[in-house]
Amino acid sequence: MKKDFSQNLGFLGLFLCMIITLLSLGSIIYFIVVRGFGVLSWNFFTQVPYSAMTKGGIAPVIVGTLYITLGAIIFALPLGLACAIYLCEYSPKSIVVNIIRISINNLAGVPSVVFGLFGLAVFVKFFGFGVSILSGSLTLGILALPMIISSAQEALIAVPQSIREASLSLGATKWETIKNIVLPTALPGILTGVILSIGRVAGETAPILFTAAAFYTRGYPNSIFSEVMALPYHIYALMTEGAHPDQQRAIAYGCSLVLLLLVLFISAFAIYLRQRQRSSYG
Amino acid sequence: MDNKIKMQAKNVDFFYGKNQALKNVSLDVYANKVTAMIGPSGCGKSTFIRLFNRMNELVPHTTLDGAIFLDDLEINSPLVDAVDIRRRVGMVFQKPNPFPKTIFENISYGLKVNGIKDKAFIEQKVEDSLKKAVIWGEVKDRLNDSALKLSGGQQQRLCIARCLAVETEVILFDEPCASLDPISTAKIEELILELKKDYSIVIVTHNMQQAARVSDYTGFFFLGELVEFGKTQDIFTAPKDKRTEAYITGRFG
Numbered sequence: 001m002k003k004d005f006s007q008n009l010g011f012l013g014l015f016l017c018m019i020i021t022l023l024s025l026g027s028i029i030y031f032i033v034v035r036g037f038g039v040l041s042w043n044f045f046t047q048v049p050y051s052a053m054t055k056g057g058i059a060p061v062i063v064g065t066l067y068i069t070l071g072a073i074i075f076a077l078p079l080g081l082a083c084a085i086y087l088c089e090y091s092p093k094s095i096v097v098n099i100i101r102i103s104i105n106n107l108a109g110v111p112s113v114v115f116g117l118f119g120l121a122v123f124v125k126f127f128g129f130g131v132s133i134l135s136g137s138l139t140l141g142i143l144a145l146p147m148i149i150s151s152a153q154e155a156l157i158a159v160p161q162s163i164r165e166a167s168l169s170l171g172a173t174k175w176e177t178i179k180n181i182v183l184p185t186a187l188p189g190i191l192t193g194v195i196l197s198i199g200r201v202a203g204e205t206a207p208i209l210f211t212a213a214a215f216y217t218r219g220y221p222n223s224i225f226s227e228v229m230a231l232p233y234h235i236y237a238l239m240t241e242g243a244h245p246d247q248q249r250a251i252a253y254g255c256s257l258v259l260l261l262l263v264l265f266i267s268a269f270a271i272y273l274r275q276r277q278r279s280s281y282g
Numbered sequence: 001m002d003n004k005i006k007m008q009a010k011n012v013d014f015f016y017g018k019n020q021a022l023k024n025v026s027l028d029v030y031a032n033k034v035t036a037m038i039g040p041s042g043c044g045k046s047t048f049i050r051l052f053n054r055m056n057e058l059v060p061h062t063t064l065d066g067a068i069f070l071d072d073l074e075i076n077s078p079l080v081d082a083v084d085i086r087r088r089v090g091m092v093f094q095k096p097n098p099f100p101k102t103i104f105e106n107i108s109y110g111l112k113v114n115g116i117k118d119k120a121f122i123e124q125k126v127e128d129s130l131k132k133a134v135i136w137g138e139v140k141d142r143l144n145d146s147a148l149k150l151s152g153g154q155q156q157r158l159c160i161a162r163c164l165a166v167e168t169e170v171i172l173f174d175e176p177c178a179s180l181d182p183i184s185t186a187k188i189e190e191l192i193l194e195l196k197k198d199y200s201i202v203i204v205t206h207n208m209q210q211a212a213r214v215s216d217y218t219g220f221f222f223l224g225e226l227v228e229f230g231k232t233q234d235i236f237t238a239p240k241d242k243r244t245e246a247y248i249t250g251r252f253g
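If you read the protein sequences in the order shown, they are chains W and S. Everything in the first sequence is counted per the working numbering, starting at 1 for the first residue and increasing by one. Everything in the second sequence is counted per the working numbering, starting at 1 for the first residue and increasing by one.
Think of the hints as simulated: they come from the structure by calculation, not from any bench. Be careful, since some hints might not be right.
What the hints assert, rightly or not - Derived, one-sided and incomplete: chain S residues facing chain W with beta-carbon distance under 7 Å:
#1 Asn3
#2 Phe69
#3 Val83
#4 Arg87
#5 Met91
#6 Gly110
#7 Val113
#8 Asn114
#9 Lys117
#10 Ala120
#11 Val166
What the hints assert, rightly or not - Okay, derived cross-link-like pairs now, DSS-like style, lysine-lysine, Cα gap no bigger than 30 Å in a straight line:
#12 W:Lys93 to S:Lys23
#13 W:Lys179 to S:Lys119
#14 S:Lys149 to W:Lys93
#15 W:Lys179 to S:Lys18
#16 S:Lys149 to W:Lys179
#17 S:Lys18 to W:Lys93
Note that the coordinates shown come from a computational prediction; the quantities given were computed from them, not determined experimentally. We put the CB at the ideal spot given by N, CA and C, even for glycine.
The following block holds chain S by itself, in its conformation from the complex (with noise of 0.2 Å):
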């Protein structure tokens, strides 16, 4: 099987200030997979995600040592421009946050920023990213409604689609399914599981459940490290370490 290597992490510490939240992180990213993380609240596996797109530099106090590469390019090196690594990687996040703009322009919105003025152009993408995050039929005939009227789940769909647009080549989802419903929740999993075959998909998750079913590989995090990293099938049937083992027989998290 020819696993090519999307992203990569290579020695990775991060602090928020003196706390250490990572320690000696390495992990690669397959293209065209999912890979999941799991682990108990707080073991570090949001922050970790989030070194993938720059989000963390937001917070202020923090520094990250170690490197992380997009293909061949160091994405934290001082050389690097955020905003053009943001347009390669793009985020779910844990809280559906559409913008308090009409479901249209929620889309269309990352496609103006990166420049697309062609106005026929951006309603063929609106279009097809909702519809490729399974919405449209929801919302074909309401474009110009507040996305704050949408329902939770189909706000996370919305969200979904407006990464979509701006056509990354990595998506992160950041515990995408935590405040929905589980219908809502089934929806987006097999919506991952269709978008793999355009993108990178890295998944943060504490429900187990939840990694295998849409995940390839799977890493699980405790206190900051990454303790087993592997297929999915042998971090959930043969665990190496007697703490993967006890976190996913539900023995604590």
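Pulled out of the complex, with its shape left as it was, chain W reads as follows (with noise of 0.2 Å):
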């Protein structure tokens, strides 16, 4: 009996620590969505910002956040996936390796501020990229580097030697044993990895500070040397600065509904492919 008692009390309390989880994920989504929710038109999606950004939509915000997200995934997976192929499988098993993938790990673990400073003097003035969108997008890039490895390099592992050795057996080189059989099995979980870098470099506002976001622009970026608005930096702008801030505010809440929804959309399309990917393997 006492033995029952202590155990119930025990999935009680994981049973409130779950609770109190998604309370928490809850209150966000509906907090944001009851004040931002009132803002929401077709003409918030589609039109400029006017009347110091009073009126009129974020069209511009969100095709500046979508593009430097791109960026920065295009230049980050393939160095990434590269990186963690030759960590996982072509370096030799030594010291160097060890102290590469440590500090791999730890470039995870710097401040994304950092990453922005990092960015203005590297791309901004060294190589005279200027404030914009490839600027920003190369330093996000750098930001997503360690989730996107580290995520190929959980999935390049979890493929079974097994298969990696049947490969080799019909007198494939390892190459094309990468390339056909381990890269293909190893697809979804690195995938994974980008979602999950999507996410978080969607919504960093840090690193853009001072590499890619301007407060305001006139329309759309017309190259990738454009300063851009961005959804983080904007809702960040609109909340600080203007000469409205009641109006701004509404405004801001809505972007955060939009930053929110537009990372879940991007979630779910590389869920939908991951999951199709799966179920082609069987």
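Join these two chains into a complex; the hints should help.
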């Protein structure tokens, strides 16, 4: 009897922890939806802002975020994947490689504002890309690298040794095995890493603060060297600057809701891709 | 009887780190015969068979002394590319290990990595290989289904078909029936007997009845040594070594 009681108490504790987690997530979504839903309209998604950003929509802001996020992934995915393949499949097991691994893990722990300063120093100033989509994408790409590398590594390690051996035993070279067998098998896991990093990158503010984001631009960006408005920074700007705080606050909540939806949409798309990949492998 | 030697191990020592797994093993594999390796778990028989297609190279910190020949070619020479050896010496593994691809792609893969691009030829070869492995009837209507949907026994025959498609000269079976039911096991044994017309076959098994049923020659391994090697009939009816006798009569192992 006593054992049953303590066991039930334990389950209750676990259940409560789960509820608290769900509640905090639920209340964030509730709060943002309630405050932000009012400003959502067709115009909000399709128009450029005007009248000191109190009227019009946020279309260029959404486009800016999409550009920067896409740019970051285009840069980070091939680089991170190549790095993971080298570390998992080719690198000799040595102290140097261990140091590389530890460095990559530490890179993940660097505060994002430091990435922002780094981007400012290297991409904006040294390479002379200026405050631009390119600089912002590269900075966010570096931020996403450790996430992509470590999830790709996990996915590669999870590919059973037995099917690598099967491929090699048929006379395939190591690279043929990696390209035809290991990578396709690891793809769902790699995509998971991409999903996570897209969510992170789209919402980051500090790294684009000095490298890509502008408080206000006229219309849409017209090249990769343009400054852009981006959702996270736009929210920050609306809440801290400008002459019409009340009107701006409502728009800021609208932007938050849009950012939330955007990240959910991107993730859902990637999950769909992953599911399709999985089901085709039975 | 004309017994041509197809593969040959000469004074082979093999180490995992500092652990010696094989001690001075010499053994001949005859062409178009089935050579079985028996012995208790951990005796080195699987390690030994994996030397014939240089699979042990994938395991870090291993060392090999001695020589292994395929016809006249010393396969463990540093001048020889392991990929070339594996194109001549195929392997079927202990656990069925189909690729997470379709049934068709599983078979065509070996052809593609060997540089064959002719579609009609590949299709014909896939069909022939599946027929030879006696699985064609079960899969011909679903070649584009995932191979992972097949049962364990079917998967293992698919793996054999995959190996047949690349037309090796030798096939190594590493406990091919260890995870299969008796009916699937019987099918694979029949298949092995059929295949020896065209291939030289080496099979590792810890099922002595299996060795007796399918093999022409048997080697008994114990603690990394090849205790006894000879015609299967002789090994099972008149073993020369006491340890062999004890093992085949079921006193240990």
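Going through the hints against the structure:
1. Because the smallest distance between the Cβ of Asn3 (chain S) and any Cβ of chain W comes to about 26 Å, over 7 Å, the interface hint for this residue is violated.
2. Interface restraint check for Phe69 (chain S): the shortest CB-CB distance to chain W comes to about 19 Å, outside 7 Å, so the restraint is violated.
3. Evaluation of the Val83 (chain S) hint against chain W yields a held restraint, the C-beta minimum of about 5 Å falling below 7 Å.
4. The interface hint given for Arg87 (chain S) is met, as the beta carbon of that residue sits about 4 Å from the closest beta carbon of chain W, less than 7 Å.
5. Hint status for Met91 (chain S) relative to chain W: holds, with the closest Cβ pair at about 4 Å, below 7 Å.
6. Look at Gly110 (chain S): its Cβ gets to within about 4 Å of chain W, closer than 7 Å, so that hint holds up.
7. Restraint check, Val113 (chain S) versus chain W: the minimum CB separation of about 4 Å is within 7 Å; hint holds.
8. Hint status for Asn114 (chain S) relative to chain W: holds, with the closest Cβ pair at about 6 Å, below 7 Å.
9. With 7 Å as the threshold, the beta carbon of Lys117 (chain S) stays out of range of chain W, its nearest partner Cβ sitting at about 14 Å, so the hint is violated.
10. For Ala120 (chain S), the interface hint is violated, since its Cβ never comes within 7 Å of a Cβ in chain W; the closest pair sits about 21 Å apart.
11. Annotation: interface hint on Val166 (chain S) holds; nearest CB of chain W at approximately 6 Å, less than 7 Å.
12. At roughly 28 Å between alpha-carbon atoms, Lys93 (chain W) and Lys23 (chain S) fall within 30 Å of each other, so this suggested pair holds.
13. Between the alpha carbons of Lys179 (chain W) and Lys119 (chain S) the distance comes to roughly 21 Å, so the proposed pair stays at or under 30 Å and holds.
14. With a CA separation close to 36 Å, the supplied pair Lys149 (chain S) and Lys93 (chain W) exceeds the 30 Å bound.
15. The suggested pairing of Lys179 (chain W) with Lys18 (chain S) is violated, with an alpha-carbon distance near 34 Å, which exceeds 30 Å.
16. Taking the CA atoms of Lys149 (chain S) and Lys179 (chain W), the gap is near 23 Å; set against the 30 Å cutoff, the hint holds.
17. A hinted pair counts as satisfied when its Cα atoms are at most 30 Å apart, and Lys18 (chain S) with Lys93 (chain W) qualifies at roughly 18 Å.
The structure fails hints 1, 2, 9, 10, 14, 15 (numbered hints given earlier, in ascending order).
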